[in-house]
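For any residue, its number in my numbering is found by taking its place in the sequence shown, counting from 1, and adding 380.
Treat the hints as calculated values from the structure; they're not laboratory data.
Watch out, some of these pointers could steer you wrong.
[Said to hold, decoys possible] Result set (PhoX-like, lysine-lysine): computed pairs, CA atoms no more than 20 Å apart in a straight line: (1) 462 - 428; (2) 580 - 429; (3) 623 - 830; (4) 730 - 540; (5) 730 - 581; (6) 730 - 543; (7) 720 - 696; (8) 576 - 429; (9) 581 - 720; (10) 730 - 580; (11) 696 - 730; (12) 819 - 846; (13) 730 - 720; (14) 846 - 407; (15) 720 - 819; (16) 613 - 576; (17) 581 - 623; (18) 462 - 516; (19) 720 - 543; (20) 543 - 576.
[As the list claims (entries may be wrong)] Derived CB-CB ranges, DEER-like: (21) 820 - 577: 29 to 39 Å; (22) 805 - 458: 31 to 41 Å; (23) 621 - 465: 34 to 44 Å.
A quick note: this is a predicted structure, and the numbers were derived from the prediction, not measured.
By construction, the Cβ of each residue, glycine as well, lies at the ideal position given by its N, Cα and C atoms.
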Amino acid sequence: MRSSSFFALLFILGLTSCATYYQINQKFNAEFESGKISQAEKTLSSDKKGEEGRNRFLYLVNMGVVNSLMGNYDLSNDYFEKAYVFGEDFKKNYGQEALAMVSNPMVTTYPGEDHEHLLLLYYKALNYLMMGDTEKALVECRRLDIRQYALSDKYKSEAKYRKDAFVHTLMGICYDADRDYNNAFIAYRNAYEIFKNDYKKLFNLEAPYQLKEDLIRTALLSGFPDEADQYRKAFNIDYQLPKNYRKQQGELVFFWNNGLGPVKAEWSVNFTLGNNAGMVTFANQDLGMNFAFPYSPGKEGNDLSNLQFVRVAFPKYVERPAAFQGAQLVGNGETYPLNKVEDVNAIAFKTLQERMLLEFSKSLLRVAIKKSAEYAVRQENENAGFAVGILNALTEKADTRNWQTIPHTIYYSRVPLNEGVNEFDLNIQSSVGPQMNQKHHFKFEGSPRKTVFQTFYSLEIDPRWKMPYY
Numbered sequence: 381m382r383s384s385s386f387f388a389l390l391f392i393l394g395l396t397s398c399a400t401y402y403q404i405n406q407k408f409n410a411e412f413e414s415g416k417i418s419q420a421e422k423t424l425s426s427d428k429k430g431e432e433g434r435n436r437f438l439y440l441v442n443m444g445v446v447n448s449l450m451g452n453y454d455l456s457n458d459y460f461e462k463a464y465v466f467g468e469d470f471k472k473n474y475g476q477e478a479l480a481m482v483s484n485p486m487v488t489t490y491p492g493e494d495h496e497h498l499l500l501l502y503y504k505a506l507n508y509l510m511m512g513d514t515e516k517a518l519v520e521c522r523r524l525d526i527r528q529y530a531l532s533d534k535y536k537s538e539a540k541y542r543k544d545a546f547v548h549t550l551m552g553i554c555y556d557a558d559r560d561y562n563n564a565f566i567a568y569r570n571a572y573e574i575f576k577n578d579y580k581k582l583f584n585l586e587a588p589y590q591l592k593e594d595l596i597r598t599a600l601l602s603g604f605p606d607e608a609d610q611y612r613k614a615f616n617i618d619y620q621l622p623k624n625y626r627k628q629q630g631e632l633v634f635f636w637n638n639g640l641g642p643v644k645a646e647w648s649v650n651f652t653l654g655n656n657a658g659m660v661t662f663a664n665q666d667l668g669m670n671f672a673f674p675y676s677p678g679k680e681g682n683d684l685s686n687l688q689f690v691r692v693a694f695p696k697y698v699e700r701p702a703a704f705q706g707a708q709l710v711g712n713g714e715t716y717p718l719n720k721v722e723d724v725n726a727i728a729f730k731t732l733q734e735r736m737l738l739e740f741s742k743s744l745l746r747v748a749i750k751k752s753a754e755y756a757v758r759q760e761n762e763n764a765g766f767a768v769g770i771l772n773a774l775t776e777k778a779d780t781r782n783w784q785t786i787p788h789t790i791y792y793s794r795v796p797l798n799e800g801v802n803e804f805d806l807n808i809q810s811s812v813g814p815q816m817n818q819k820h821h822f823k824f825e826g827s828p829r830k831t832v833f834q835t836f837y838s839l840e841i842d843p844r845w846k847m848p849y850y
């Protein structure tokens, strides 16, 4: 009877250990992806652990997103601020870390990925812009910049994601809306330099046309005609300020958050174990991997070389291709393409890649500790050792948690507004075919010297793609 209960427990552990964070939260994800935002918010609110559990960071940022989508900008920013404070105050729980070494990292409090801590401040700034508060939006942009520099110090590679062009673009947009053209010019120039020096080689992303035009425009408005001419020649753009721009021009800045960012899954590698001169070695010849750790067999002479093969799980990102590939605003007799300004999907992959060596080391050390414990128990009781071995295999799991309601890609455009009511169509092109194209109608009130902000979210994923969240 005890035997059957034991194996039933192992079966349950096996089912739960195979599930990714995405699968565990399937109900919320299905509601969010289908645009049922109010239902998604209710599902999220029903989480009893919520702000107190191991996944509190994800709870807070998801609540921030759904409330922003529902137009509850103040409440959304309350959640994002709590997530920001969590990131500032986060300290590892060493009890959880010790438990993770004999089970898996899913038992620890999720700290958030580097790019996730940046994106929550983007959402805060966007919420303030939607409320017409450019001053507070600028505060969030400055916090973004400070946090970006702090995070960039963690990695030594020259090819690292160390500066964010979109942060400086957004900062320029905020200064621009306040008619602080000199600071807007500086921010746009910083953004352009990051696109040119970093984004092109890291993410194959050129500076958007809109940024180039804004750089020339703010140079002219700041009284820098030579700089404006320099950029006109560099970009091959013959931009001229509209007549009476300073007095009469009202504008719309339109942000399009397209698609959804990647989800985390896991992949595993089979290693052969060797024990030589006080070192335990994990090797996989097919992948050219070889890792060694100091190891002492102890009093009982536990020899890990007797344990020939082990499976080690590591996290990976799985892209969710966006259903749409481009969009334009059409109105007042003109067409304004939306420009790609941030590839969130590519940045997520890059941040995980930058710390992959650390992930390898932690995962291999975890398996070495678990296998050592298994062998020690086997020396005392073969059946108990067998049970520990099965438990080790079932609990071997990568951390598949991540913020899964962020956009795949961010686009934007600046559009002049006439005084009074302006009507525009947002035409969105599908990556599948014209049968899936969309059109959305907007009305904006134009006023001289006033900038109007609008965000639009496309949550659809390419329907041709099957989601292997395993």
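Keeping to a limit of 20 Å between CA atoms, is the pair of residue 730 and residue 581 held or broken? 12 Å, holds
Given the hinted pair residue 613 and residue 576, is their alpha-carbon gap at most 20 Å? 16 Å, holds
Given the hint that residue 581 pairs with residue 720, test it: the Cα-Cα distance must not exceed 20 Å. 16 Å, holds
Hint consistency between residue 623 and residue 830 [alpha-carbon to alpha-carbon, up to 20 Å]: Holds. Residue 623 to residue 830 sits at ~16 Å (cutoff 20 Å).
Is the Cα-Cα distance between residue 462 and residue 428 20 Å or less? 17 Å, holds
For a C-alpha distance cap of 20 Å, please report whether residue 720 and residue 543 respect it. 17 Å, holds
Hey, residue 720 versus residue 696, does the alpha-carbon distance stay inside 20 Å? Between residue 720 and residue 696 the Cα gap is close to 25 Å, so the pair fails against 20 Å, i.e. violated.
Given the hinted pair residue 580 and residue 429, is their Cα-Cα distance within 20 Å? 42 Å, violated
Proposed proximity, residue 846 with residue 819 (alpha carbon, max 20 Å): Outside the cut-off at roughly 26 Å; violated.
Pair hint outcome, residue 730 versus residue 720 [Cα-Cα no greater than 20 Å]: Status holds; Cα separation ~18 Å.
Look at the Cβ atoms of residue 820 and residue 577 and judge whether their distance stays inside 29 to 39 Å. Hint holds: Cβ distance 36 Å, inside 29 to 39 Å.
Does residue 407 lie within 20 Å of residue 846 when you go C-alpha to C-alpha? Cα-Cα ~18 Å, so holds.
Comparing the model with each earlier hint shows violations of hints 2, 7, 8, 12, 17; every other hint is respected.
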